[in-house]
Every structure is written in structure tokens, then in C-alpha cells.
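Student: The chain contents come next:
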Amino acid sequence: AQSVAQPEDQVNVAEGNPLTVKCTYSVSGNPYLFWYVQYPNRGLQFLLKYITGDNLVKGSYGFEAEFNKSQTSFHLKKPSALVSDSALYFCAVTGASSNTGKLIFGQGTTLQVKP
Amino acid sequence: EAGVAQSPRYKIIEKRQSVAFWCNPISGHATLYWYQQILGQGPKLLIQFQNNGVVDDSQLPKDRFSAERLKGVDSTLKIQPAKLEDSAVYLCASRHRRSNTGELFFGEGSRLTVL
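Chains as they are written, first to last, in the working numbering: chain A, 1 to 115; chain B, 1001 to 1115.
Don't read these hints as lab results, they were simulated from the structure.
Accuracy of the hints is not assured; some may be wrong.
Restraint-style ranges between C-beta atoms, simulated for each label pair [stated by the list, open to error]:
| no. | chain 1 | residue 1 | chain 2 | residue 2 | range |
| --- | --- | --- | --- | --- | --- |
| 1 | B | Lys1062 | A | Leu56 | 38 to 46 Å |
| 2 | A | Ala1 | B | Gly1040 | 17 to 25 Å |
| 3 | A | Ser70 | B | Lys1015 | 45 to 53 Å |
| 4 | B | Glu1068 | A | Asn68 | 38 to 46 Å |
| 5 | B | Gln1017 | A | Leu56 | 44 to 52 Å |
Lysine-lysine pairs mimicking DSSO-like chemistry, simulated, CA-CA at most 30 Å apart [as the list claims (entries may be wrong)]:
| no. | chain 1 | residue 1 | chain 2 | residue 2 |
| --- | --- | --- | --- | --- |
| 6 | A | Lys49 | A | Lys69 |
| 7 | A | Lys77 | A | Lys22 |
| 8 | B | Lys1062 | B | Lys1015 |
| 9 | B | Lys1011 | B | Lys1078 |
| 10 | A | Lys49 | A | Lys22 |
| 11 | A | Lys77 | A | Lys49 |
| 12 | B | Lys1011 | B | Lys1083 |
| 13 | B | Lys1044 | A | Lys58 |
| 14 | B | Lys1044 | B | Lys1083 |
| 15 | B | Lys1044 | A | Lys22 |
| 16 | A | Lys49 | B | Lys1044 |
| 17 | B | Lys1062 | B | Lys1011 |
| 18 | B | Lys1078 | B | Lys1062 |
| 19 | A | Lys77 | B | Lys1044 |
| 20 | B | Lys1044 | A | Lys69 |
Here are a few chain A residues that sit away from chain B, every Cβ distance over 10 Å (derived from the structure) [said to hold, decoys possible]:
| no. | residue |
| --- | --- |
| 21 | Val11 |
| 22 | Leu19 |
| 23 | Phe34 |
| 24 | Asn55 |
| 25 | Tyr61 |
| 26 | Ser70 |
| 27 | His75 |
| 28 | Ser84 |
| 29 | Ala92 |
Small disclaimer: the values here were computed from a predicted structure and weren't measured.
Even for Gly, the Cβ is constructed at its ideal location relative to N, Cα and C.
Chain A on its own, in the form it takes in the complex (with noise of 0.2 Å):
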């Protein structure tokens, strides 16, 4: 069964300051991997993905996660964390098998970015 563990509830960073938030997975085959901030009282913002190639990925706002496949993580990175950062991520796989695509999510980890 396909599964996402994010170990954190809640990160604290000082802006400016690099931010991980950190992301296991469990899926059947090559995953397909994918990360999603959501900010108070929206939906899903999709931020960025790993299919396949070069194992770290950039995405938006500055954003960039490395897929390690010996550790089975997704980890979100920014060299320097912003106030504006501050919101709720969620990690999601899918697998590259899958007949549905249907993407399992983490349970979030808040970010908050103090100035």
C-alpha cells in the first residue's frame, strides 16, 4: 500500500534562514512524488514534482525538493526562508504503476517563518 510520513508537525525557522521540511514515502515501484502548500481558508497549491531524471527538482516561490530512492524521501528545501513562507505542506506519491493516479497525501507540516 502506498503511504507518506511527515515526521513534523510543525517547523519553526528564523526568516532568511535555510527551511527542510521533510518527506517519506512507501509505494510499489518508481514513485511519482509531489508537493502542495496550502494556505488558511484555500485549496492545494501545487509547488513541484519528481518524475523522473535529475533528483533535485525546482519548483515554485524559490522551492526545490531532492528525491532520495535509498532513503525513500522527498525532502522540501529554500536556502532562505521568507515570513510569506509560512503556511501548511503536504507531501504526496503516487505510483508510477498505479491504474488510478490517485495521489496519497501526508498529514502536512506547518511552516512558520518568524522575521
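Start from chain A and add chain B according to the hints.
Tutor: Here is chain B on its own, set in the frame of chain A:
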């Protein structure tokens, strides 16, 4: 390009009453999803449509939840009768094709409170 439209944004009902949510996906998107997001959890897939056919409804509580997408465009999710544990945000999402590599586009959600 218009995004995924959902209505109503907020709904408060008493237990055992019924409620319906409406979703209009992005034009041309054949795949439509309804997710349930309970406070503090990640979105959980309720049902997936490909055009007007159901692809996956394995996690839909069919004794009380129903959904349809009669003309392969907009969709309605109904709950009857509602229970307290149905309090959640109901997110509609769409994707251009059934391909596993495409990201989902989400609406802003319909927040249901059951008293």
C-alpha cells in the same frame, strides 16, 4: 484560465440533515477527484472520476455519501444523513488526463460543520 470552482464555501448543518457540494473543474480536465480533509490531517480521496465514469470509490462511505458527474464536466457530492465526524473541508480537484505524472489542480474547498 479559470480554476476549479466549488460551492458553497461554507455550510453548517445539524446531524442527520443532508448537504450537497458542487464542483466545476478546469475546462478540458477529464479526471475529477473529491477529497475529504479533516482538521489536522492530509486530504483523503473519496472518489475519482474519469469523464463520467467512476475510477475509484473505495474509500467513499457509500451508506451516506454519493457523487455523480453525469455529463463528464461538473460534479456533485452529497451526504445524507450527515454525522458529526463528517465535519471537514471537501476539496475538489481536477487533472488534464489520467496520467500519473500530471499535477492536480484544487478548488478552494467547501467547509462543512455538522452540529
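Student: Each of the hints needs a verdict: does it hold here or not?
Tutor: The hints, checked one at a time:
1. B/Lys1062 / A/Leu56: 38 to 46 Å: 43 Å, holds
2. A/Ala1 / B/Gly1040: 17 to 25 Å: 22 Å, holds
3. A/Ser70 / B/Lys1015: 45 to 53 Å: 49 Å, holds
4. B/Glu1068 / A/Asn68: 38 to 46 Å: 42 Å, holds
5. B/Gln1017 / A/Leu56: 44 to 52 Å: Distance hint for B/Gln1017, A/Leu56 holds at roughly 50 Å.
6. A/Lys49 / A/Lys69: Since the Cα atoms of A/Lys49 and A/Lys69 sit roughly 15 Å apart, the hinted pair holds (cutoff 30 Å).
7. A/Lys77 / A/Lys22: Holds - the C-alpha atoms of A/Lys22 and A/Lys77 are around 9 Å apart, at most 30 Å.
8. B/Lys1062 / B/Lys1015: 17 Å, holds
9. B/Lys1011 / B/Lys1078: 13 Å, holds
10. A/Lys49 / A/Lys22: 15 Å, holds
11. A/Lys77 / A/Lys49: 13 Å, holds
12. B/Lys1011 / B/Lys1083: 14 Å, holds
13. B/Lys1044 / A/Lys58: Measuring from Cα to Cα gives roughly 26 Å; hence the hint holds.
14. B/Lys1044 / B/Lys1083: 17 Å, holds
15. B/Lys1044 / A/Lys22: 20 Å, holds
16. A/Lys49 / B/Lys1044: Holds, because 19 Å separates the two Cα atoms, which is no more than 30 Å.
17. B/Lys1062 / B/Lys1011: 21 Å, holds
18. B/Lys1078 / B/Lys1062: 10 Å, holds
19. A/Lys77 / B/Lys1044: It holds: about 25 Å lies between the C-alpha atoms, which stays within 30 Å.
20. B/Lys1044 / A/Lys69: 25 Å, holds
21. Val11: 16 Å, holds
22. Leu19: 20 Å, holds
23. Phe34: 6 Å, violated
24. Asn55: Given a closest Cβ separation of 17 Å, the condition holds.
25. Tyr61: 15 Å, holds
26. Ser70: Consistent with the label, A/Ser70 stays out of reach of chain B, its closest Cβ about 22 Å off (over 10 Å).
27. His75: Its Cβ never comes within 10 Å of chain B, the nearest being 17 Å, so this holds.
28. Ser84: 19 Å, holds
29. Ala92: 8 Å, violated
The structure fails to meet hints 23, 29 from the earlier list, while all remaining hints are met.
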